[in-house]
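Below, each chain spelled out in residue letters.
Protein chains: 6
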Amino acid sequence: MSATAPLIEYADASAEVRAVYDDIMATRKTDWINNFWKALANDPASLRRIWSNIKEVMGPGALDPVTKELLYVAISVTNGCNYCIASHSASARAKGMTSAQFAEMLAIVGLANETNRLVTGLGVPVDERFR
Amino acid sequence: MSATAPLIEYADASAEVRAVYDDIMATRKTDWINNFWKALANDPASLRRIWSNIKEVMGPGALDPVTKELLYVAISVTNGCNYCIASHSASARAKGMTSAQFAEMLAIVGLANETNRLVTGLGVPVDERFR
Amino acid sequence: MSATAPLIEYADASAEVRAVYDDIMATRKTDWINNFWKALANDPASLRRIWSNIKEVMGPGALDPVTKELLYVAISVTNGCNYCIASHSASARAKGMTSAQFAEMLAIVGLANETNRLVTGLGVPVDERFR
Amino acid sequence: MSATAPLIEYADASAEVRAVYDDIMATRKTDWINNFWKALANDPASLRRIWSNIKEVMGPGALDPVTKELLYVAISVTNGCNYCIASHSASARAKGMTSAQFAEMLAIVGLANETNRLVTGLGVPVDERFR
Amino acid sequence: MSATAPLIEYADASAEVRAVYDDIMATRKTDWINNFWKALANDPASLRRIWSNIKEVMGPGALDPVTKELLYVAISVTNGCNYCIASHSASARAKGMTSAQFAEMLAIVGLANETNRLVTGLGVPVDERFR
Amino acid sequence: MSATAPLIEYADASAEVRAVYDDIMATRKTDWINNFWKALANDPASLRRIWSNIKEVMGPGALDPVTKELLYVAISVTNGCNYCIASHSASARAKGMTSAQFAEMLAIVGLANETNRLVTGLGVPVDERFR
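Protein chains in written order, with this note's numbering: chain U, 1 to 131; chain E, 1001 to 1131; chain G, 2001 to 2131; chain H, 3001 to 3131; chain P, 4001 to 4131; chain C, 5001 to 5131.
To be clear, the hints were calculated from the coordinates, so they are not data collected in a lab. No false leads were slipped in.
Estimated spans, in silico, between C-beta atoms of each pair:
no. : chain 1 : residue 1 : chain 2 : residue 2 : range
1   : C       : K5055     : H       : E3016     : 52 to 58 Å
2   : G       : A2100     : E       : D1023     : 56 to 62 Å
3   : E       : K1095     : H       : E3016     : 26 to 32 Å
4   : E       : A1062     : P       : E4056     : 49 to 55 Å
5   : H       : A3019     : E       : S1099     : 20 to 26 Å
6   : C       : T5030     : P       : A4094     : 38 to 44 Å
7   : E       : S1099     : G       : R2028     : 53 to 59 Å
8   : E       : A1019     : H       : K3055     : 52 to 58 Å
9   : G       : M2025     : P       : A4045     : 22 to 28 Å
10  : P       : D4064     : G       : A2011     : 32 to 38 Å
A few chain U residues that don't get close to chain P, going by computed Cβ distances all over 10 Å:
no. : residue
11  : Y21
12  : D31
13  : R129
All residues carry an ideal CB built from backbone N, CA and C; glycine is no exception.
Starting from the given sequences, assemble the full structure and let the hints guide the process.
Okay, here's the thing in structure tokens:
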């Protein structure tokens, strides 16, 4: 109920929460759980639901794993979520992101945030060719 | 000076503006200019400066062209810039983006905007391993 | 004038500022002032004006007190204002918010931030029935 | 793949999409589908996943149905999603929201967006009592 | 109660609403009311309260009138409020804003939105000298 | 490559980076470099490009130096960038901003963020006179 939620460790977790933790670790081939899930575990239904969404959306698909993490970081930078920037940058690095790719992504984030506002301030109408 | 800026067509443009338009068309191997540049041309210094930035940041680099456009669309969706979504989606398609890639990018944008807020609302501390 | 404003304690406050502090404490039936007001007191006109607005908008009305605080928290989460999340979550709890209500509010905040972007990215036209 | 996605009508939908449409109509006790779902249906996996989330989060719980819709509208106003404002305002009305409640919610949205920025601009530290 | 509020014209307004309209026109030395007030008039308490705030904050003070309107436009561009951009750009022009000033303000808005994200993405710590 | 970028000190910088640092110090008539540039220096191309933009946009023009910094602060407050608020508030003070001007700017930022949402929530159509 607090704004800063207590972190639920595996040892203290209910069977319902442990089942999600186990699936996170198995899916990610790792032996630890990061704080996001431990905080979300205060609401087991949300924990289960969000993990199910992440597993489906961030799993194998039409985009390669590094691109998917770069998109996550780019949005987190735009929204100012420091935890999300840290965690998804770490994931991106673990999946092979280079420093040059991180720098290029960040340059695009900056520039898109700039031109988004120039377009809005100028009231630019959509070109027929783009419709 | 208007919030909805008049569009400066090539025929009516100054030599300074035409030089930028010519470089845009040559760089993009196309024969037309989209409305963003025609609106920005009301301030020739900004036109020159922003084009120079776009050319450098969106040119060849560490990320492939489709990934760069997908990042641009993702940020534009997060910021709610309809023109930017339309123009960069068109660029992404022209560079080879598939429907499945667009759908997957959009799913990530939605999910990242969701989890960014969950993290903020829960006040999740950054894990030591991410520092 | 600083970005991190000094906090004006009651003992150091002018009569104008003390009058607002007194009204805050009387209205809230409490004997302390939280930091927001102490920072805002650097500009007494803003202190008076904002307190007057809060008192009117957050006072008894068509929505119950917990719902009003939940709305405040939901917006603060969306905007990433940690102080505001902490202070209005505390107010909500004091007024009877349960842990289940907090969790449900946060789940809605996350989901609305997600679907807001899906709608924007898909360019969904408003249904006739909604007009 | 378009930024403005085509709307998939029931008659043209695949069996997978129809199954979701059927569940939406049954759950909502209605005989029509609003445009959000018809646009999202271009990506059947997202349609299924997002509907499953909405059904779980917006279903019966710890908050009453009108409060849940008011939270949705408040966030949509903060993010500037016109479609979302229209659709969730309509849902709120259908569930019993009064004009006075809508006006009060909107006043809170405005004020929270104001004080969120005052807090940020003043760099207000979180009070010990709120931790 | 609608998301698109009906506009309350002077002829149809209550005495309470007319009193605010009269004060707006007298203060601004004009004979018309723009749509924002006509929409807000659906909630007379909000109409009175917001006008009182605008009159106090946007009245004569430490900043000149054009600077105050430029700040309003800059924030409206950042938030993507087209109506607000149009109305405050018109006010700025009426108070003497030049085209060069509009262009310079917009360039700053774009650049600040860019560097705000670069700072966030890089996790830059605040310099001791700035504290 | 980290989310929290290492700070590149002058002594450790490449000739390319030192050239930009030298130009920053010469342009600003100062002998130190703030952390933003030291973090950005991890990507020398971005360092050079962003400095070039800042130098052009924030240099002498149609708006006075204090107004330009106030606009920067206003946007940074709206976006929640604490570093940017601190650094540009310091610049504004150094260029002559008074406490009263800071307070008035912040009041406008708050009010604009409020009315931007009221306009959006009410769906106010743009007046003919503003077009």
